Amino acid sequence: MAETAVTTTTPGRAGLFRRPRFRAGTPVAALVLGVAVGAALLVPMIAPLDQSAVALGRAALPPSLPHPGGTDDLGRDVLHRSIYGLRVSLLVGVVAALAATVIGGVVGSLAGLLGGWVDRVLMRVVDTISALPHLLLGIFIVAMLRPGLGAVILSIGLTHWLSTARIVRSELLSLRTRPFIDAAIAGGAGRTRVLTRHLLPHVLPKIALATTLMIPHAVWHETSLSFLGLGLPPHLASLGNMINDGQRSLLTGAWWASIVPGAVIVVVTLAIAALAARGRDHLDPRVRAELNL
Amino acid sequence: MSLVADGVSAGYHGRRVLTDASLTIGAGETVGLRGPSGSGKSTLVRVLALLHAPDAGHVTLDGERIAGVRHRVPASVRTRIGVLFQSPRAASDPRLTLADLIAEPLRAVRHPRERIAGRVAELADRAGLTADLLVRRPHAVSDGQLQRACLARALVHRPRYLLCDEATTMLDASTQALVAAVITAEQQATGMGVLVVSHDPALLSRWADRVTEVR
Chain A
1 MAETAVTTTT PGRAGLFRRP RFRAGTPVAA LVLGVAVGAA LLVPMIAPLD
51 QSAVALGRAA LPPSLPHPGG TDDLGRDVLH RSIYGLRVSL LVGVVAALAA
101 TVIGGVVGSL AGLLGGWVDR VLMRVVDTIS ALPHLLLGIF IVAMLRPGLG
151 AVILSIGLTH WLSTARIVRS ELLSLRTRPF IDAAIAGGAG RTRVLTRHLL
201 PHVLPKIALA TTLMIPHAVW HETSLSFLGL GLPPHLASLG NMINDGQRSL
251 LTGAWWASIV PGAVIVVVTL AIAALAARGR DHLDPRVRAE LNL
Chain B
1 MSLVADGVSA GYHGRRVLTD ASLTIGAGET VGLRGPSGSG KSTLVRVLAL
51 LHAPDAGHVT LDGERIAGVR HRVPASVRTR IGVLFQSPRA ASDPRLTLAD
101 LIAEPLRAVR HPRERIAGRV AELADRAGLT ADLLVRRPHA VSDGQLQRAC
151 LARALVHRPR YLLCDEATTM LDASTQALVA AVITAEQQAT GMGVLVVSHD
201 PALLSRWADR VTEVR
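Going line by line, the protein sequences match chains A and B.
For the first sequence, this note's numbering assigns the number 1 to the initial residue and increments by one for each residue that follows.
For the second sequence, this note's numbering assigns the number 1 to the initial residue and increments by one for each residue that follows.
If we strip away everything but chain A, and leave its shape as in the complex, we get:
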């Protein structure tokens, strides 16, 4: 009878007990962000806020059932105003991050695709702007314009495009020397086709990730400008305005007036950053392997 060699493999302990790592932070972050965005969208429809109304009779009330975030020194509901402030912060964060992505994407693409002196000049501009503190440059830009939402968005867009430009440039420089790009050119593809069919599809996921990671930065920048009195007009609810107003109440013991809007911004930006970090892990094959995704 012919002997048959059979090779079997037995999974070791590591194989048996190896389980995809579950990271509780991701669903929690998604839930937090979902609740925050849902509240920011729905609350103004369910319970509109009169931005200029004051009620001195219920000023500086601590957190309670009717006012879960307490009231400020003008009797305004802190949680209600924080949700309105979050609307502004998210709007500014998303629009400013998109503006920064467009500027950074165009500059990075020109530098990465054209190379040579165009690349050198554009990257020196990037280095020069990087050397300046973002907030100072942002304050300068807002000071040059009429204060308001548009000025804040422009200020953030013009100060936050640098990292996107560097990412896009380095990706394109790396991609354009790859043999599959040579193969496309040898096959007759023109510049536009190489860019749209072979280069951009590889860069877009990283641009999307960079944009998402930029949103928390943009939100903090908006809050900082509003805190310094350079954002929205003081009577309008913005998280930065509220923290600025609330700091006076800290001395009288009404900590909630600044802590509640501060906590809202910390929790929401951490949730966005956590989800963006998860997206980054998915894009990086080495991290994927380490996480058993």
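In case anyone wonders, no lab produced these hints; they're calculated from the structure.
Small disclaimer: the values here were computed from a predicted structure and weren't measured.
Check before you lean on any hint, since a few could be wrong.
Residues from chain A shown here face chain B by an in silico Cβ test under 8 Å; the list is partial [stated by the list, open to error]: (1) Arg178; (2) Gly187; (3) Ala189.
Partial chain B-side listing against chain A, Cβ under 7 Å, derived [unchecked claim]: (4) Ala90; (5) Ala91; (6) Asp93; (7) Val109.
Backbone N, C-alpha and C fix where the C-beta goes; we use that ideal spot for every residue, glycine too.
Start from chain A and add chain B according to the hints.
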């Protein structure tokens, strides 16, 4: 009718890797090219494929001296030269299925859409690629299967010259034989000139009409 490198010197970032190289690939001819690692064989292939600008010398394609490289050369000229790269994985866009990989050069030159599917099916059949392989992406096929798709892509424009840059080095013997057979059949049908770059003297002596050495 020939593809000629005349007195070509080339390098990267000021470092010369190829000096005064001359090579002629005639129509219907198979030329072998060998040389030690770092001797500039791949650089010569890139110069001949109009992908790398020589520092000195020039390339002549069917009697026409070519000025410029890459996109500065019209697509109608570039597509007269097919290239089969050493690493099929590096030479394949990881986003495309094998069918798209083969069809991409035709789409790039706006070939009539109704004829693309037929040409892809014909080349896939010749390269031994089954229908289930054609819908897979590069990461889901072996190096041999991917190189066969790259061969189909290199032949899709019916090039007058095919440059194989150590294209069979990382393949098993049966895939090497299939690649060589497909190229030889195309050559016999169309009179295509072929350059075979290889370290393998046995392969070159079997396949090439003559062998040139780069030092």
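### Query
So which hints don't hold here, by number, going up?
none
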